[in-house]
Amino acid sequence: MSLYSPLPAPSAVRLRPATVDDADLLAGWDREPHVIACSTDDPDADIAFGGIEWREELSDPSEVSFYRIAELAQDGVWRPIGVMQVIDPHLEPTHYWGEIEPNLRALDIWIGPKDALGHGYGTRMMTLAIDDCFADPKVTAIVIDPLASNTDAHRFYQRLGFEPVGRRMFDADDCLVHRLSRQRWEARS
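Here the sequence shown is numbered in the numbering used here, starting from 169 and rising by one per residue.
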């Protein structure tokens with residue numbers, strides 16, 4: 169008998185488009201200490217991501233930047249457990265990534281409710297998103313920018329095949345950029 173709960177079947181997690189109706193949910197998750205900790209090194213921060221106005225953020229999705237809500241099937245009901253942002257960093261209008269080559273995608277991921285941490289849902293979310301990104305034959309690689317201090321995130325991404333590229337400042341955030349090439353992803357499947 170195992171001491172660990174079995175992971176749900178991979179089909180038990182899905183990604184769906186985020187809508188304005190998800191704004192209050194995301195705003196609530198932004199107050200969770202574990203979400204704040206993954207978004208800033210500021211020990212006095214009381215909200216993640218500088219307090220994104222979610223209604224505004226979700227009101228105009230495009231092919232260049234959009235969000236997906238991760239849902240877990242529980243007792244026949246889909247429960248939101250996380251969110252992902254998918255960006256074309258070359259075309260994204262804020263130029264967050266600066267000068268960057270075309271044909272890439274950038275991903276952000278976070279789990280909202282604390283009770284959804286540590287069950288493999290993040291791995292499933294990333295796998296679904298990576299597969300979706302590489303379904304476009306033009307996409308050559310995916311980049312991510314976890315905080316340099318977030319060594320748990322580094323291990324998580326590296327288990328998925330991402331390789332560290334180097335440290336970089338994004339505004340006031342000291343990040344360790346990682347990259348996953350299509351070839352590396354396909355070789356591990």
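Hint data in this document are derived by calculation from the structure and do not stem from the laboratory.
Check before you lean on any hint, since a few could be wrong.
Stated by the list, open to error - Restraint-style ranges between C-beta atoms, simulated for each label pair:
1. S317 / I215: 29 to 37 Å
2. I215 / M337: 28 to 36 Å
3. T291 / R350: 33 to 41 Å
4. D212 / A355: 37 to 45 Å
5. S317 / P229: 15 to 23 Å
6. S349 / D212: 24 to 32 Å
7. G286 / A241: 17 to 25 Å
8. A355 / D192: 40 to 48 Å
Built from N, CA and C at the ideal position, the CB exists for glycine as well.
Verification of the hints:
{"no.": "1", "hint": "S317 / I215: 29 to 37 Å", "verdict": "violated (18 Å)"}
{"no.": "2", "hint": "I215 / M337: 28 to 36 Å", "verdict": "violated (21 Å)"}
{"no.": "3", "hint": "T291 / R350: 33 to 41 Å", "verdict": "violated (19 Å)"}
{"no.": "4", "hint": "D212 / A355: 37 to 45 Å", "verdict": "holds (43 Å)"}
{"no.": "5", "hint": "S317 / P229: 15 to 23 Å", "verdict": "violated (31 Å)"}
{"no.": "6", "hint": "S349 / D212: 24 to 32 Å", "verdict": "violated (38 Å)"}
{"no.": "7", "hint": "G286 / A241: 17 to 25 Å", "verdict": "holds (18 Å)"}
{"no.": "8", "hint": "A355 / D192: 40 to 48 Å", "verdict": "holds (41 Å)"}
Comparing the model with each earlier hint shows violations of hints 1, 2, 3, 5 and 6; every other hint is respected.
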